[in-house]
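K.L.:
One letter stands for each residue in the lines below.
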Amino acid sequence: MSARRKRIATTSLAGCFGCHMSLLDLDEHLFDLLAKVDFDRSPLNDKKTFTRRCDIGLIEGGCCNEENVRVLREFREHCDVLVAVGQCAITGGVPVMRNSIMHAEDPLRECLEVAYNASKTVQNPQNLIPNDPVLPLLLDKVYTCAQVVKVDYQIPGCPPSAEVFRIALDALIHGAPPQLDHALIRYD
Amino acid sequence: MSRRIHFTVDGQSVEADDGQSIMEACDAAGIYIPRLCDAEALVPQGSCRVCVVKLNGHTVAACTQPAEDRAHIESDTHEIRSYRRDLVRMLFHEGNHLCPVCEASGQCELQAMAYRLGISQDAPYPYLQPVRPLDASHPDIALDTNRCILCGRCIRASRDVDGKHLFEYVGRGIHKRIGISAATLAETDATIDDYAFSAGVCPVGCIIRKHEGYEVPIDERRFNKQVIGSRIEAKLLDDNEEEA
Ligand code: SF4
Ligand code: SF4
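Heads up: the protein sequence lines correspond to chains S and C, in order.
Every number in my numbering is 1027 more than the matching position in the first sequence, counting from 1.
Every number in my numbering is 24 more than the matching position in the second sequence, counting from 1.
In isolation and in its complexed conformation, chain S is listed as follows:
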């Protein structure tokens, strides 16, 4: 009996899409990958919802807003194995730097003030801070994926190289942990 094709879902939360770009850097190996797996919910095919249960969920980015938390929980619910991909998903990455002001009087306001008003490179004469109702509400601080749901494995890197993706995905597709040889481990 031939093994059932694995189903993979991916998403980018508080990330820069760099990890997804690096996944696309698989280039011709994408054909090998697509011979073995089907992509379900993913920005790569623009499927916004799960069509069925998935074997592997790849999460880029941590959680900086309520939507990130909701999506991450949906991924946990629909994926057998959940993998934090890249430093933002693992440590919070660049967005988590705002946690260093979390003990300020009003940290969120301070963060938004700096981002939209106080910064020297920002031109915003009316001092507007985006507050459209469609924008997801920001969380008090940035959370790593493992702080929100149980994460099974992680693939380090900023972003993980295409080679790392190839090796890690190959292991995951065969039901093995994405253990990396030390020469392939990078946190930058």
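These are calculated hints, taken from the structure and not from any lab test.
The reader is advised that the hints may include incorrect statements.
Stated by the list, open to error - Just some of the chain C residues that point at chain S, by a computed CB distance under 8 Å: (1) 65; (2) 124; (3) 139; (4) 145; (5) 242.
Ideal placement from N, C-alpha and C gives every residue a C-beta, glycine not left out.
Following the hints, complete the assembly by docking chain C with the ligands onto the known chain S.
P.N.:
Below, chain C with the ligands without anything else, positioned relative to chain S:
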């Protein structure tokens, strides 16, 4: 000439001068014992414990423990590797180590040690995300203590080599940190030519030499090209020298 002694490390026999530390003797024999708080030219202090080995069944710090004649030393065993991995992981979780935005990335000994020890998966520790100060007051030097691992190398370099006592430990336990001899670095007599601020002293990206950032691009840095410890294993002894 001092008396020669003989002992074994993971079954391999090593000869040393009586009085040499386990680490000195192993370095000379081309056996690398991982370390973070110890560095060339500084008095060993045995605080990071990454150089833990078993000497006749007892755990000791190889950098401060004298080698003993006929001793059995275990270093590269599953148990000791696990201790080292846990120690290094805890350092990552205790400070704020965001390698993608750190100038030291690729030449940082903590990161290189984590690579060498094969740390790719999560640790059962929370990220403490401490709030720690950045001192950029000095024209040539910045201190980003988010990345300090309290190895004390700057303390010993300033005290013993520069004779300046710029740094000292302050506080205890989880509150322990590196203090400087004035309110800000700019108010001390620190200069960029101090040994304490030379490249091999701070193992991480806490002491930053300004105006030199990213002179060597990421990917072309020391530990992108060689595993930490490989120079000692190749008997080139000083692991802090760049590959020619
Ligand atoms: S000091 Fe080292 S481990 Fe810490 S962020 Fe910088 S490169 Fe990473
Ligand atoms: S500043 Fe650097 S050298 Fe000094 S204790 Fe911290 S990590 Fe060690």
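K.L.:
Taking the hints in turn, state whether each one holds.
P.N.:
Hint-by-hint comparison with the structure:
Because the beta carbon of residue 65 of chain C sits about 28 Å from the nearest beta carbon in chain S, more than 8 Å, this interface hint is broken. Annotation: residue 124 of chain C was flagged as interfacial toward chain S, and the flag holds, the nearest CB pair being 4 Å apart, inside 8 Å. At about 5 Å, the closest approach between the beta carbon of residue 139 of chain C and any beta carbon in chain S falls short of 8 Å, and the interface hint on this residue holds. The restraint placing residue 145 of chain C at the interface with chain S holds, with a minimum CB-CB distance near 6 Å, inside the 8 Å limit.
Interface restraint check for residue 242 of chain C: the shortest CB-CB distance to chain S comes to about 6 Å, inside 8 Å, so the restraint holds.
Consistency note: the structure conflicts with earlier hint 1 alone.
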